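With chain A fixed as given, assemble chain B onto it according to the hints.
Here the protein sequences come in this chain order: A and B. Going by this note's numbering, the residue at position 164 of the first sequence is 164; the numbering climbs one at a time, nothing skipped. Going by this note's numbering, the residue at position 158 of the second sequence is 158; the numbering climbs one at a time, nothing skipped.
Be aware that one or more of the hints could be misleading.
Unchecked claim - In silico contact screen, one side only, chain B against chain A (beta carbon under 7 angstroms); selected entries:
no. : residue
1   : Arg-124
2   : Asn-180
3   : Ser-183
4   : Gln-187
5   : Asp-191
6   : Tyr-511
7   : Lys-514
8   : Asp-576
Said to hold, decoys possible - Pairs of lysine-lysine, BS3-like flavour, derived with a Cα cap of 30 angstroms:
no. : chain 1 : residue 1 : chain 2 : residue 2
9   : A       : Lys-4     : B       : Lys-298
10  : A       : Lys-8     : B       : Lys-298
11  : B       : Lys-343   : B       : Lys-359
12  : A       : Lys-4     : B       : Lys-579
13  : B       : Lys-174   : A       : Lys-8
14  : A       : Lys-81    : B       : Lys-579
To be verified - Per the computed footprint, the stretches of chain A lying under chain B, defined by three or more beta-carbons under 8 angstroms from a beta-carbon of chain B, are:
no. : segment
15  : 26-34
16  : 65-72
17  : 130-139
18  : 146-159
Because the hints were derived from the structure by calculation, they are not lab data. Fair warning: this is a prediction, and the values are worked out from it, not measured in the lab. We put the beta carbon where it would ideally sit given N, CA and C, even for glycine.
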Amino acid sequence: MHIKEGLKERHTLSVTVTNEPGVLARIAGMFTARGYNIESLTVADITEDDSISRITIVTTGTPAVIEQVVAQLDRMVPVHKVTDLTLLGDHVERELALVKVAGTGDHRIEALRLAEVFRANVVDTTISSFVFEVTGASTKIDRFVELMKEIGLVEVARTGIVAMARGKEAI
Amino acid sequence: MPKEQSGANILIEALSDLGVEVIFGYPGGAVLPIYDALFQQKRIRHILVRHEQAATHAAEGYARATGKPGVVLVTSGPGATNAVTGITDALMDSIPMVVITGQVATHLIGSDAFQEADTVGITRHCTKHNYLVKSPETLGNVIHEAFHIATTGRPGPVVVDIPKDVQVATAPYKKPGTINHASYRPQVKGDIKLIEAAVEMLAAAERPILYTGGGIINSGPAASQILRELARITGAPVTSTLMGLGAYPASGDQWLGMLGMHGTYEANWTMNQADLIVCLGARFDDRVTGRLDAFAPKAKKIHIDIDRSSMNKTVRVDLPIVGDVGHVMEDMVKVWKARQHTKADLSAWWKQIDEWRAKKSLSYPPSTTEIMPQAAVQALWNATHKKNPIITTEVGQHQMWAAQHFHFESPNKWLTSGGLGTMGYGLPAAIGAQLGNPNALVIDIAGEASIQMNIQELATATQYRLPVKIFILNNEYMGMVRQWQELTYSSRYSESYSDALPDFVKLGEAYGWKGIRIETPDQLESGIAEMLAYDGPVIVDCLVAKVANCFPMIPSGASHVEMILADDQVSGELDDEAKALV
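So here's chain A without its partners, still in its complex pose:
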């Protein structure tokens, strides 16, 4: 016997939640409990009084699964609103990464040149290393990290994706 799986899509969801203890565990736990995937999850509060957090979740699944993910999120008590940005259409997605690269001589110069191409900033430096800050679509960061491997990549920290619909309306 073999286990079958359907064709998967990648969706970015924006979820606003009451900022209370356990809310992230509740949401992440719902994904594991129901067998849904999380590719990336970011969370931070977005209100002056720290009352509401905005969570951006990138998930994959068949269209039916994605519909269920949205419905299951929407029925949770602390969830205010769920928006499927992918379904909504045009939106921007950004990710920030810190990339540490070590090297001397030509490697060092090449690292700086590539950083300029990718519009990465130097946020820390020693005689033999840099920490770059690079922002952009995840694919851009992937490419930057890939190139730095050749030069002397030490480590990477990434934030995961934040996303927002284009246009003047709020979600």
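For chain B alone, kept in the frame of chain A given last:
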């Protein structure tokens, strides 16, 4: 400013304000302040169970039989973990329940203190919502909010974990006004445009069926009445899930019986051949649909449910309507009448249904030497149905025979563990139902294996003078396990024999119950009469045919039309695909 009082007193005040009359619980270290507060008041009655799981099932039974939320009070650690099964049961069957758990003092949380467990962590996935209360100032509002969440929308269990220092510390308490929750706003009324579309689909259907479920019971007795009206004006046949039995009267002309794995031939064939299925407060559970890709291939489907996530979860529907099923049906009836629809001519459809009915799929081979379990349930129905009894069950063959052969005329009379399938549910549920309905006849139809899973509750019934009856269909097997082993594993009876059974008559007597044994068919009627004549709790050990099986049956992985009607059609080994299905 209201006066300051302890967290424990605030809890009691809030519960009183919410109209709580009875709570089911078991004391322990982390709830001693609450038990002391309970001791000093007379408004709330505490029922001492013998195991925390039973407290949760008793609360479920109370809730299901009265329509009011069930309330549970247990201690931290093992008290809370023992309650998890009943909490999960309430989640699966959408039962309104509030569970108060004690917790170690706030400064000890996370230190692996004595009887500490991460109760909010453990119950996060088996509750509708849960809370850890960190100060007495917030306690009152949390209790009121917990009841609001448990009882509105799709009902379910809510856990409130209260550390011991919060029970002792003081704060003012004031009854809050209407709860206006920031994010939780269940949709009660359905979209009228969609309801109008549903009515037109129903009016145009040639082969409609109303597929009803537990949502109608949860919506309240008015929803059952409006279902009857909807059925009357449309003339459509009515079937129901296990959880919805009683919403439509079993004596009604349009009643087809239960559908699904152990449903009737006519109910399942009507679903399969229908051109329109109207799902009313049910959720296309796997026990109902059978093989999904062969489920109701010719039907358009309308789904009315208060929970949006039930829509398109397993079955794609053509018209989903989110709302309370009672309200939506009421609007459907109004629209139907306003548009002056008349009952369509469904005579061809009914002629077909009558042919399926003629199969008499609930018949079983009679016996003069043994008591057939189906006959025992029928005899019980004959002797008691005029008293409009409340029936609870455990889980297994006896549960299905009770669903098939005990006929329900009204809602809130049938209490069973449907979604989770929890053995040991029936006796504590009967205790809860009896407390909510002191004058009702309450019978737990049980199996000899299931009843042992909460047998300690015999003492609870004795203590509170509750005249509940237990009617055990004793076949000395975990019958449903044995039936599946016959169907799937060439009758290799792995661990399904009930060995070393107690003498249930003597066991009952040891707890102060009356015990009766029924061994032969000629003792059946007199034994039941003796049970009913006794003013107090009775345990009946009814010895039934040992290897009888429950039919009809849709085997796992099969469609509605591949029903097995009798024993001789099965036995042997199923393939791996079927073995992997539950």
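Each hint tested on the structure:
1. With a cut of 7 angstroms, the hint placing Arg-124 of chain B at the interface with chain A holds, because the nearest CB-to-CB distance is about 6 angstroms.
2. For Asn-180 of chain B, the suggested interface contact is broken, since its CB lies about 14 angstroms from the closest CB of chain A, more than 7 angstroms.
3. For Ser-183 of chain B, the interface hint holds, since its Cβ comes within 7 angstroms of a Cβ in chain A; the closest pair sits about 4 angstroms apart.
4. A cut of 7 angstroms between beta carbons decides the hint on Gln-187 of chain B: the least distance to chain A is about 11 angstroms, and the hint is violated.
5. The interface hint given for Asp-191 of chain B is broken, as the beta carbon of that residue sits about 16 angstroms from the closest beta carbon of chain A, more than 7 angstroms.
6. The closest approach between the C-beta of Tyr-511 of chain B and any C-beta of chain A is roughly 39 angstroms, which is over the 7 angstroms cut-off, so the hint fails.
7. The interface hint given for Lys-514 of chain B is violated, since its Cβ lies 45 angstroms from the closest Cβ of chain A, which is over the 7 angstroms cut-off.
8. Against a cut-off of 7 angstroms between C-beta atoms, the interface hint on Asp-576 of chain B holds, since the closest Cβ of chain A lies about 4 angstroms away.
9. Restraint check: the Cα-Cα separation between Lys-4 of chain A and Lys-298 of chain B comes to about 26 angstroms, which is no more than 30 angstroms; the hinted pair holds.
10. As the CA atoms of Lys-8 of chain A and Lys-298 of chain B are separated by approximately 28 angstroms, the hinted pair is consistent with the 30 angstroms bound.
11. Pair hint Lys-343 of chain B plus Lys-359 of chain B holds up; C-alpha atoms about 27 angstroms apart against a cutoff of 30 angstroms.
12. For the proposed pair Lys-4 of chain A and Lys-579 of chain B, the alpha carbon gap of about 16 angstroms is at most 30 angstroms, so the pair holds.
13. Between Lys-174 of chain B and Lys-8 of chain A, the direct Cα distance comes to roughly 52 angstroms. Violation of the 30 angstroms bound is thereby established for this hinted pair.
14. With a C-alpha separation of about 41 angstroms, the suggested pair Lys-81 of chain A and Lys-579 of chain B falls outside the 30 angstroms cut-off, and the hint is violated.
15. Evaluation of the coverage hint for the segment 26-34 of chain A: fulfilled, as 4 residues show C-beta separations to chain B shorter than 8 angstroms, against a requirement of three.
16. Evaluation of the coverage hint for the segment 65-72 of chain A: fulfilled, as 4 residues show C-beta separations to chain B shorter than 8 angstroms, against a requirement of three.
17. Proximity of the segment 130-139 of chain A to chain B, defined as three or more residues with a beta carbon under 8 angstroms from a beta carbon of that chain, is not established by the 0 residues found.
18. Here the segment 146-159 of chain A counts 0 residues with a CB under 8 angstroms from a CB of chain B, which misses the bar of 3, and the coverage is violated.
Violated hints, in rising order: 2, 4, 5, 6, 7, 13, 14, 17, 18; the structure is consistent with all others.
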